[in-house]
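Chains as they are written, first to last, in the working numbering: chain V, 6 to 502; chain Z, 25 to 106.
No lab work stands behind these hints: they were computed from the structure. Every residue, glycine too, gets a C-beta built ideally from N, C-alpha and C.
Computed spacing ranges between beta-carbons, pair by pair:
(1) V:R134 x Z:T57: 46 to 56 Å
(2) V:A426 x Z:A100: 42 to 52 Å
(3) Z:D78 x V:S333: 51 to 61 Å
(4) V:D118 x Z:E40: 15 to 25 Å
(5) V:T135 x Z:A100: 42 to 52 Å
(6) Z:D78 x V:T135: 35 to 45 Å
(7) V:P484 x Z:A100: 50 to 60 Å
Listed below are the simulated EDC-like cross-link pairs for lysine to aspartate or glutamate, each with C-alpha atoms no more than 20 Å apart in a straight line:
(8) Z:K96 x Z:D32
(9) V:K450 x Z:E89
(10) V:K450 x V:D252
(11) V:K450 x V:E428
(12) V:K450 x Z:D83
(13) Z:K96 x Z:D60
(14) Z:K29 x Z:E40
(15) V:K450 x Z:E88
(16) Z:K29 x Z:D41
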Amino acid sequence: VDPPAEIRFDQEDVAAFARASGDVNPLHVDPQAARRSPFGGCVAHGCLLGIGMLGSLPDAVLASVRSLDLSFSSPLLVGATARLETRSAGDRWSVELTGRGKRLARLRISADDDPHLHTIETPAMPGARTMRTVPAVPDLGESAARNSVAISYHGTPELDELADRLGAGAFEPRLLRALAWSSYVVGMEIPGLHSLLGGVSLGLVGHDPGGRGAVLRLRDVDERTGRVAIDSTLDGVAVTIESFARDAAHVLDVDRLRPAEPRQPVGEAVAVVGASRGLGAALALAFLQRGYEVHGVYSMSTDAAHEVQELAGDAANRLFLHQADATSAARLDEIAADLRARGVPLRGLVLAAAAPPLGMSLDGESAGELAQYVRASVQLAAAPLGAVLPLLDRGWVVFCSSSAMSAPPRDWPHYIAAKGALEGLATWLAAAAPGIASVVVRPPKLLTEMTNTPAGRIGAAPVEPFASRLADVVVGLPPGLTLLGPNAEAIEPGEPS
Amino acid sequence: MSEAKSFDSVFQDILEDVLGWGATYADEDGPATVEDWDSLAQIRLVHALETTFDVRLPDGALLEEQTVGSLKQLVAECRVAE
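Can you build the whole structure from these sequences, using the hints too?
Below, the structure written as structure tokens:
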């Protein structure tokens, strides 16, 4: 076992691989779009990690590789550091990539052929179409072609330069190209736009037929998890790809957010922090439907905020969206001053902004990352609460916690610690401001962008019914601390009046 | 699946393939004892079991926390039912 080495990819490395492979999926190269993803930022291409992992192997081993298997458990964000650990047992070699205390990827290589790989007959080039420059919108329904598609795939010399720089210059060029191709397939072709790469197996199956292009075929789709299996052949290399199709961002159904009876404007205001996405967006629209003037605060998702504005429909004149960074006290004070100046009394504050949690495991080293996550999460609630509290002489504050608090997921120690801190803030508020209803809500797993991952979406409930119930219940709660459960029912102290 | 291989031995191969080489997995093993058994690994296990044994496991196999033993039982029940 060699001593672990560290590896890290910056935005320029990712841009270089995007150019070299043709995989320009926004999850990797567009910070604004990636921020809306469940990962909260740009993710390094899995196959780029694979090349970095190969780079930790001796040249003689690299030169002998005939097949490899690369599988991913969790993403590595651009700019984050991970550790490489190489192991060998006889003629088997493996490399593990660890970050956030957790295994992120595993590479296994062999000097033997892989008998499990499927070979597809490569048609002659004339039928091949050119590469996409914009990712395909996923279509995995009955209409999705199960037949082979030929594509005229061309790499660039930049790929070899990148491999050299990462120490993988001795790796078989055809296998290297097949890795880049696999990234292109998942990010641009199938599933395309909303996709994740799960793993790649590839191996030499014959000589390079030369100029035959690449061919791919959809083998299998599992609608429960969005898992998609793809077979492909390129330059005498057989490729099997596991990928996951994610849902397109869910558009809220405003009809399901309306109260039982239509409401007239009530002349009171509600502020929602984290109003551009998920539960925050649903609550902003639900209070709007209940006649409130709504002030929504969001940090970066301008496109998502515009969608909320459009969904507000006839009530859009009572919706005020403010862009603010939770770390900017001056900006939050400005928004509070705006609210005061409008003269509409503030009756409620929803604290729904949250940092997306990437799975982690707690050890001595990752503890620092856990602490950073908790700090960022507390800031997202404490900063707006501090700025707006002087405007609330009565009314309520909703702290959006999670039902995960009663069944903590193994890989989310940071999330649980952060929600614990948030609930602590609610307990403090109940004591410090006894005239205010301090409400902790623990929603069930909801179908939002944060849970839009292969495992996250399983068993997730639509957000609208919960948001609608919560908006009805919260306005009737007495001062003091109340804990609301997964059906927005009071499970501790305060009873709805 | 090779006829010569026992159910347990095929199961063990799948576990090694998804969770890592070199370990022997006992029936009581699960996310609590196997570090790499996370939610995505469970999706892969379920898929590999369904493909290998040609069964469709109930949604609970994906939704709920499983162990090696509980997955073996689910597969065995599905094979009988089909």
